[in-house]
Amino acid sequence: MELIEALRISPLHVRQAALATGIPVATALRILRHLEQQSILDFKREGRNKKYFLKATPDAHQALLMTEHYKLLKLIQRPLMRQLLKHTEQCTAGELVVLFGSYARGDETKTSDIDLYVETANTSIRQDLQRYSAKLSIQSGALQIGSAFSR
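Heads up, the sequence shown is in my numbering, so the first residue is 1 and it goes up one at a time.
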């Protein structure tokens, strides 16, 4: 899954893919060939090397969706995020909650805040969530068609 995520960002040579994912070159090559056979990847020759990229096929789209689910599962496995998810479910009572920013992209650092959007006009929900953790940055309100969140 990490390999597909790395290729989503930019086309890569085999060695670049191995370095980006932290797997051995032989393993990366075997996975890339397998994904190529499944019509998820294609390559372009650059000299004697192949540069792999995601194809614009339904299979590649499904692989990207599976990668997003995998990233979400990895995020939920963290104790802080698991506790935050439980607390958010209790506080919001079925309201739309969107995680965005560095945590959603998966490139957070120790100093990153957790950006949440809660679709509600109830300010007490926002205040309750804000009290839960100092790392939280809460945005709330009614979702406007044409806003940055609806794109």
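If you are wondering where the hints come from, they were derived from the structure by calculation, not from laboratory data.
Glycine is no exception: its CB is placed at the ideal position from the N, C-alpha and C atoms.
Be aware that one or more of the hints could be misleading.
[Said to hold, decoys possible] For lysine to aspartate or glutamate, the following DMTMM-like pairs were computed, each having C-alpha atoms within a straight-line distance of at most 25 Å:
id: 1; residue 1: K71; residue 2: D42
id: 2; residue 1: K44; residue 2: E2
id: 3; residue 1: K110; residue 2: D42
id: 4; residue 1: K74; residue 2: E46
id: 5; residue 1: K110; residue 2: D59
id: 6; residue 1: K51; residue 2: E36
id: 7; residue 1: K135; residue 2: D113
id: 8; residue 1: K86; residue 2: D59
id: 9; residue 1: K71; residue 2: D59
[Said to hold, decoys possible] Between beta-carbon pairs, the in silico distance windows are:
id: 10; residue 1: V25; residue 2: R131; range: 26 to 32 Å
id: 11; residue 1: V98; residue 2: R30; range: 18 to 24 Å
id: 12; residue 1: K135; residue 2: E46; range: 22 to 28 Å
id: 13; residue 1: R131; residue 2: S102; range: 38 to 44 Å
id: 14; residue 1: I9; residue 2: R30; range: 19 to 25 Å
*If you check each hint against the structure, which ones fail?*
Violated hints (numbers, rising): 3, 4, 5, 8, 10, 11, 12 and 13; every other hint is consistent with the structure.
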